[in-house]
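S.K.: Take a look at the letters that make up each chain.
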Amino acid sequence: DQQVKQNSPSLSVQEGRISILNCDYTNSMFDYFLWYKKYPAEGPTFLISISSIKDKNEDGRFTVFLNKSAKHLSLHIVPSQPGDSAVYFCAARSGSARQLTFGSGTQLTVLP
Amino acid sequence: ETGVTQTPRHLVMGMTNKKSLKCEQHLGHNAMYWYKQSAKKPLELMFVYSLEERVENNSVPSRFSPECPNSSHLFLHLHTLQPEDSALYLCASSQASGTPGDTQYFGPGTRLTVL
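Chains as they are written, first to last, in my numbering: chain A, 830 to 941; chain B, 71 to 185.
Worth double-checking, as some hints may not be accurate.
[Stated by the list, open to error] Listed next, the in silico DSSO-like pairs over lysine-lysine satisfying Cα-Cα at most 30 angstroms (straight line):
1) A:Lys885 to B:Lys111
2) B:Lys89 to B:Lys111
3) B:Lys111 to A:Lys897
4) A:Lys897 to B:Lys106
5) B:Lys106 to B:Lys88
6) A:Lys883 to A:Lys834
7) B:Lys110 to A:Lys885
8) A:Lys900 to B:Lys110
9) A:Lys883 to B:Lys111
10) B:Lys92 to B:Lys111
11) A:Lys834 to B:Lys111
12) B:Lys110 to A:Lys897
13) B:Lys106 to A:Lys900
14) A:Lys900 to A:Lys883
[To be verified] Output of the computed footprint for chain A on chain B, the stretches with three or more beta carbons under 8 angstroms from beta carbons of chain A:
15) 101-111
16) 116-127
17) 174-180
Keep in mind the hints are simulated off the structure, nothing from the lab. Glycine included, C-beta positions come from ideal geometry on N, C-alpha and C.
Start from the sequences and build out the full structure, keeping to the hints where you can.
M.R.: What follows is the structure, given as C-alpha cells:
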C-alpha cells in the first residue's frame, strides 16, 4: 500500500493563475517532506521542503503547506508560468532515515 | 562536470546480456542511491550506500548488483534481466548528514529496455 499518495495524475492551469498540487500520506512517523520537479529526460530536481514542526514554508513563487492532523500537504505555485510545466513528486522521510518515500507524481501543464 | 551524471542515458539489452550503469557525483557527498521508476509508479529505492558501505537493500533481486568503489562513483551491474525490469534507473547522492534536511540530488537517469 502506498504510504505517499498523489491522487491527481494531471493538472492544467492557466498562466498567471495559482497551481495547487496535493499529497496525502498515511505514515504518522513521517516528519520531513519534500517536493521535486521533473522535466522529461531529466532527473528529479529538489524544489522545496518542510519539517513537521512547521505548517508553511515559502520560497519565491513556491509555498508548501503541511496539515499534520489531516496528513496532507500541498504545493502552491503562484503565479504559474509555462516553464513550471513538469511532473511534481511529493516525498516523505521519517527521522534521520535516508530513505525517501515518493508519491507517483502529478503532471502539471501551465497553459500560455 | 557538475552535479550527478549517469551513463549511458539509454540502454537496450537482451535477457542474456550483462551490462553496467554508471553514476558519478561531483558534489562531495557521502551517500549514493539507486532508484527505479517504472511507468506511472512512484520511485522505488533499490540500494543505499553511505561512505562506500551498503546500508540498505530493499529486497532487490540478485540480478541487480551494486558496486560503490568510492564516495563519488556508483555502479549497477545487470545480468539476466527480465522485460519487466525495463524502467528509468535514477542515481542520487546526498550529504548523508543524518539531519532531516539532508536533500537528495538526482542524476538524469538511464532509460533501460530489456528485450
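S.K.: Next step is simple, just say for each hint if it's right about the structure.
M.R.: Consistency of the hints with the structure:
1. Taken as a hint, the Lys885 of chain A and Lys111 of chain B pair is honoured in the structure, with Cα atoms around 28 angstroms apart against an allowance of 30 angstroms.
2. Annotation: proposed proximity of Lys89 of chain B to Lys111 of chain B holds, straight-line Cα distance about 24 angstroms (limit 30 angstroms).
3. Among the hinted pairs, Lys111 of chain B with Lys897 of chain A is consistent with the structure: their alpha-carbon atoms are about 25 angstroms apart, no more than 30 angstroms.
4. Our distance criterion of 30 angstroms between C-alpha atoms is met by Lys897 of chain A and Lys106 of chain B, whose separation comes to about 29 angstroms.
5. For the hint pairing Lys106 of chain B with Lys88 of chain B, the CA-to-CA distance comes to about 18 angstroms; that is within 30 angstroms, so the pair holds.
6. Annotation: proposed proximity of Lys883 of chain A to Lys834 of chain A holds, straight-line Cα distance about 21 angstroms (limit 30 angstroms).
7. Distance check on the hinted pair: Lys110 of chain B and Lys885 of chain A sit about 29 angstroms apart at the alpha-carbon level, within 30 angstroms; holds.
8. Using a Cα cut-off of 30 angstroms, the hinted pair Lys900 of chain A and Lys110 of chain B holds, with the two alpha carbons roughly 23 angstroms apart.
9. A C-alpha spacing of about 29 angstroms is found between Lys883 of chain A and Lys111 of chain B, which places the hinted pair at or below 30 angstroms, so the restraint holds.
10. Taken as a hint, the Lys92 of chain B and Lys111 of chain B pair is honoured in the structure, with Cα atoms around 23 angstroms apart against an allowance of 30 angstroms.
11. Restraint check for Lys834 of chain A and Lys111 of chain B: the C-alpha separation of about 11 angstroms stays at or below 30 angstroms, so the hint holds.
12. Taking the CA atoms of Lys110 of chain B and Lys897 of chain A, the gap is near 27 angstroms; set against the 30 angstroms cutoff, the hint holds.
13. For the suggested pair Lys106 of chain B and Lys900 of chain A, the alpha carbons sit about 26 angstroms apart, so the restraint of at most 30 angstroms is met.
14. As the CA atoms of Lys900 of chain A and Lys883 of chain A are separated by approximately 13 angstroms, the hinted pair is consistent with the 30 angstroms bound.
15. Coverage of the stretch 101-111 of chain B by chain A holds [criterion: at least 3 residues with CB-CB distance below 8 angstroms; count 4].
16. As drawn, the stretch 116-127 of chain B meets chain A at 4 residues by the rule of a beta-carbon pair under 8 angstroms; at three or more, the given contact holds.
17. Here's how the stretch 174-180 of chain B fares: 6 of its residues keep a CB closer than 8 angstroms to some CB of chain A, so the rule of at least three is met and the hint holds.
Comparing the model with each earlier hint shows no violations; every hint is respected.
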